[in-house]
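Okay, here's what each chain looks like letter by letter:
2 protein chains.
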Amino acid sequence: MEKDRIIKRLKDIRAKDPKFSDGRIIASVSTEPFDFAVEAFKIFSDTNALDVNIFPGVKQLEREVIDWFGTILKNQMIDGYITTGGTEGNVAALFVAKKLNPGRREILVPESAHYSIKRAADLMDLKINWVKLDENFRADIGDIESKISEKTLAVVATAGTSSLGVIDPVEEINSLCDDIFFHVDAAFGGFVLPFMENAPCIDFSLENIDSITIDPHKMGMNLIPAGAILFRDKSYLKKIKISPSYLSFSTNTVSGSRSGGAIASVWATINYLGFDGYRRVVKECMENTRFLCREIDKIEGLEVVKKPDINVVGIRIRDMETAYSRLVERGWDILADSRSGSLRVVVMPHVTKPVIRNLIKDMKEILAGD
Amino acid sequence: MEKDRIIKRLKDIRAKDPKFSDGRIIASVSTEPFDFAVEAFKIFSDTNALDVNIFPGVKQLEREVIDWFGTILKNQMIDGYITTGGTEGNVAALFVAKKLNPGRREILVPESAHYSIKRAADLMDLKINWVKLDENFRADIGDIESKISEKTLAVVATAGTSSLGVIDPVEEINSLCDDIFFHVDAAFGGFVLPFMENAPCIDFSLENIDSITIDPHKMGMNLIPAGAILFRDKSYLKKIKISPSYLSFSTNTVSGSRSGGAIASVWATINYLGFDGYRRVVKECMENTRFLCREIDKIEGLEVVKKPDINVVGIRIRDMETAYSRLVERGWDILADSRSGSLRVVVMPHVTKPVIRNLIKDMKEILAGD
Numbered sequence: 003m004e005k006d007r008i009i010k011r012l013k014d015i016r017a018k019d020p021k022f023s024d025g026r027i028i029a030s031v032s033t034e035p036f037d038f039a040v041e042a043f044k045i046f047s048d049t050n051a052l053d054v055n056i057f058p059g060v061k062q063l064e065r066e067v068i069d070w071f072g073t074i075l076k077n078q079m080i081d082g083y084i085t086t087g088g089t090e091g092n093v094a095a096l097f098v099a100k101k102l103n104p105g106r107r108e109i110l111v112p113e114s115a116h117y118s119i120k121r122a123a124d125l126m127d128l129k130i131n132w133v134k135l136d137e138n139f140r141a142d143i144g145d146i147e148s149k150i151s152e153k154t155l156a157v158v159a160t161a162g163t164s165s166l167g168v169i170d171p172v173e174e175i176n177s178l179c180d181d182i183f184f185h186v187d188a189a190f191g192g193f194v195l196p197f198m199e200n201a202p203c204i205d206f207s208l209e210n211i212d213s214i215t216i217d218p219h220k221m222g223m224n225l226i227p228a229g230a231i232l233f234r235d236k237s238y239l240k241k242i243k244i245s246p247s248y249l250s251f252s253t254n255t256v257s258g259s260r261s262g263g264a265i266a267s268v269w270a271t272i273n274y275l276g277f278d279g280y281r282r283v284v285k286e287c288m289e290n291t292r293f294l295c296r297e298i299d300k301i302e303g304l305e306v307v308k309k310p311d312i313n314v315v316g317i318r319i320r321d322m323e324t325a326y327s328r329l330v331e332r333g334w335d336i337l338a339d340s341r342s343g344s345l346r347v348v349v350m351p352h353v354t355k356p357v358i359r360n361l362i363k364d365m366k367e368i369l370a371g372d
Numbered sequence: 003m004e005k006d007r008i009i010k011r012l013k014d015i016r017a018k019d020p021k022f023s024d025g026r027i028i029a030s031v032s033t034e035p036f037d038f039a040v041e042a043f044k045i046f047s048d049t050n051a052l053d054v055n056i057f058p059g060v061k062q063l064e065r066e067v068i069d070w071f072g073t074i075l076k077n078q079m080i081d082g083y084i085t086t087g088g089t090e091g092n093v094a095a096l097f098v099a100k101k102l103n104p105g106r107r108e109i110l111v112p113e114s115a116h117y118s119i120k121r122a123a124d125l126m127d128l129k130i131n132w133v134k135l136d137e138n139f140r141a142d143i144g145d146i147e148s149k150i151s152e153k154t155l156a157v158v159a160t161a162g163t164s165s166l167g168v169i170d171p172v173e174e175i176n177s178l179c180d181d182i183f184f185h186v187d188a189a190f191g192g193f194v195l196p197f198m199e200n201a202p203c204i205d206f207s208l209e210n211i212d213s214i215t216i217d218p219h220k221m222g223m224n225l226i227p228a229g230a231i232l233f234r235d236k237s238y239l240k241k242i243k244i245s246p247s248y249l250s251f252s253t254n255t256v257s258g259s260r261s262g263g264a265i266a267s268v269w270a271t272i273n274y275l276g277f278d279g280y281r282r283v284v285k286e287c288m289e290n291t292r293f294l295c296r297e298i299d300k301i302e303g304l305e306v307v308k309k310p311d312i313n314v315v316g317i318r319i320r321d322m323e324t325a326y327s328r329l330v331e332r333g334w335d336i337l338a339d340s341r342s343g344s345l346r347v348v349v350m351p352h353v354t355k356p357v358i359r360n361l362i363k364d365m366k367e368i369l370a371g372d
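Taken in order, these protein sequences are the chains called S and G.
For this note's numbering, count along the first sequence from 1 and bump the result up by 2.
For this note's numbering, count along the second sequence from 1 and bump the result up by 2.
If you are wondering where the hints come from, they were derived from the structure by calculation, not from laboratory data.
Only a predicted model underlies this, so the values are computations on that prediction, with no experimental measurement involved.
All residues carry an ideal CB built from backbone N, CA and C; glycine is no exception.
Among these hints, one or two may not hold up.
[What the hints assert, rightly or not] Computed spacing ranges between beta-carbons, pair by pair:
1) G/S252 to S/R11: 44 to 54 Å
2) S/R281 to G/D24: 36 to 46 Å
3) S/N103 to G/K243: 48 to 58 Å
4) S/D6 to G/E173: 40 to 50 Å
5) S/M3 to G/E174: 31 to 41 Å
6) G/E137 to S/K10: 30 to 40 Å
7) S/M322 to G/S177: 49 to 59 Å
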C-alpha cells in the first residue's frame, strides 16, 4: 500500500474512536499527551534503551528521570527504570522480592489491589493471602498484622486503588515491615500525592518501603508506554541481572529491548511540567473531584461511595445496571465496578467542570426516566 | 522548562549518539523505522489497546496485523497480540504452556537460546534442561529426544539465534512434540524465513508448533516497542485471562496498558512493505550477508564461524580481544560473543555493501597491525 493511503486510512480509523478532548472518556487513567512529548518520542524513535553501548544519550535521559523520581519520592539513592507500564513495574518488584528471599512464597495483598498483582503472583507462583478491607475500603491494618508470618515474602499496598482511588494506610503498614519487603503500587497515585497538600506519605522517607511503582502514562500525563519501577536499594535490581554471552553488557530489566522514545517523552513531560506544573494539575483535578462530589450529593438517587482520597470517584446510582447502559448509550465511557456496585469516574485533567456538568445532567435525566 | 528548549536539548542529545544510516551500527537487531510508521504511531499515540471499549479502531488494526501473521505463517486460525518485544512474547508462550500443564516444570532449551527464555524460566520457576548443540551450532535433535520425559512442559527452538543466526531443526523437533508444547522463538527469523527461497519451515504448517514469537521491531523494520506472540489455538490465550472487577472487559495479555501507537505503526509497516517488500528486503540482506562472507574468506586471519542460515554472521578474528577493542576505537558498534569466540555482525537493511567494505578494510588494517 502507498504511504499516503496508509496514513489516510489510519487517520480515518482513528477519527471514528473518541479523543480525550471530546469530554466523554471519564473512566480512563490516561489523558491526552502533550504534542511536544510525542515529538520527543519521535526524535528517539530509532533508539533502544537496551543498547546502552550504542545509545548512551538514552541512558543519560533515563538516569535524569529516575533522579527526578528520587526527588519527588524523597530518596536520592534510588535505582529503577522506565517500564512499559504498571504491570511490568509490579512484576519487577515482586521478582526482586522473590530473589531476595527465595524461600518465601506468600504475599499479603489487599482485596482492592490492581489485577497486575494477581498476574504477577500467578506468573511467579506466589501465593496471595488476601487482606480484608476496612469500612473505608482501605487495607485492614489489623488483618495485615495478624497475617504476617515467617512465610511472608512481601506486603503490597496501593496508593490509589483502581476502583475507588483509595490510599491504603501505607505509614501504618510501613511500621509492620521491618523485616519484610514492602511494595507500594502507586501507579496512579504516585503522580498525585507528592503534589498534594497534606497528603498521606507514600514515599521512600518511610524507611521500610522497598519499591514503588509509579506510572508516567497515567497522572504523569505522558503517552503510553511509560511506567516506572523504583527501588530503595541500588543492589536490588542487580538481583535480576542477566549477562547474555553475545552482549558486552548486562540487563537488569524484566523486558529486553526498550523504547528510547518512551524515555525521551517522559523526560520531556516532567521537565515541562516540573514540580509546580504537576501541583497545578493535581490541584485542578482535586477541585473538579470535589465539584463532582458536591453535585452528586445534591441529587436523590446518587451517592458518593466514599469521600475520595484522590481524583477517582465511585458513584452509587439507583438501578445501576440500567443507568450504566443508558450512560453508555449516551456516549459516555464509564465503567461499573462489580465489587463496590458503583460507577467509576476518574477525574483526569481532561475531565473538566463542563464535562462533569454534562455527566450530572445526563445522570439526572436517566434517574428521571427520560 | 519551555517546550522549545526541551526539544532542542533532546535533539542535541540525540545528535551525539549514532544513527543507523551512519553505517557503524552492525551488531543491532533493529534498523531505522520508516517516517510514516513513526507518523502512524503519532496518530494513535493517545490510544490504549487495553481499552477496547474506548478504542475499537485499535482492536481492528491489531486483528488485521495478527491475521497477516496468520497468512505468512500459514494458519488463518491463530490468535495472538502485539507485545512490547520478544521477551514478553517468550514469557507469554511459556506462561500459557504452564497453564495448560500445571504439573510439569521442565523445559528443554538449546544452549544458544535467547536470554529471555532464561528470564522467563526464572520468573516462572521453570527448570531448564539445557540441550546441547550439534557441530553446526543447532539444537542437537538426539539430545532433545533423549531428554523428553513426562516432566517436559515445553520444548523451545530458535529460528535465528542471537549469536550466529542459526535455525534450530524445527521440523525434526516438531516430529518429537506430538504431546508436548512446542514454542518457536522466531523473534529475529520470523521476518526473514517466510520471505526466503528454500528456507527451512518454521511456521504453523508444522502441526505441533503451539506458539511463535515474531518481532516487528527487528527484521520487521518497525520501531520499538513492537513484538508479537502467536498461538495456534484460540483457546490458549484465554488460559491467562484476567477480568478485573472494575472493568467491563477482560485482558489476555501479560502486560496491561498497551500502546495503540505501536500497533498502528506495525500495521503501517507491514501494509507498506507487504509480502513482496519483505521479500526484497530479505533478498538484499542475504546478498549482503553472502558478500560479507566472501570478503572474509579472502582474508588471512578472518574466518566465518559457520555458513549463515540467515543474515547474522559470526566472525573469528586472530587475537579477538585486541581486534574487538580496535574496532570499537574506530567507531564500530560490534559485539563479541564469548561463547563462540567470535564477533557478531547482523546484516540488517542498513548494513549495505559500502558499510561492509569499510568494515573489511578496517579489519584488514587491524590484522596488519596498523
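Hints versus structure:
1. G/S252 to S/R11: 44 to 54 Å: Once the Cβ atoms are compared, 29 Å apart, the range 44 to 54 Å for S/R11 and G/S252 is violated.
2. S/R281 to G/D24: 36 to 46 Å: holds, 42 Å
3. S/N103 to G/K243: 48 to 58 Å: violated, 30 Å
4. S/D6 to G/E173: 40 to 50 Å: holds, 42 Å
5. S/M3 to G/E174: 31 to 41 Å: Holds, since S/M3 and G/E174 (Cβ atoms, about 38 Å apart) stay within the stated range.
6. G/E137 to S/K10: 30 to 40 Å: violated, 53 Å
7. S/M322 to G/S177: 49 to 59 Å: With Cβ atoms ~56 Å apart, the hint holds.
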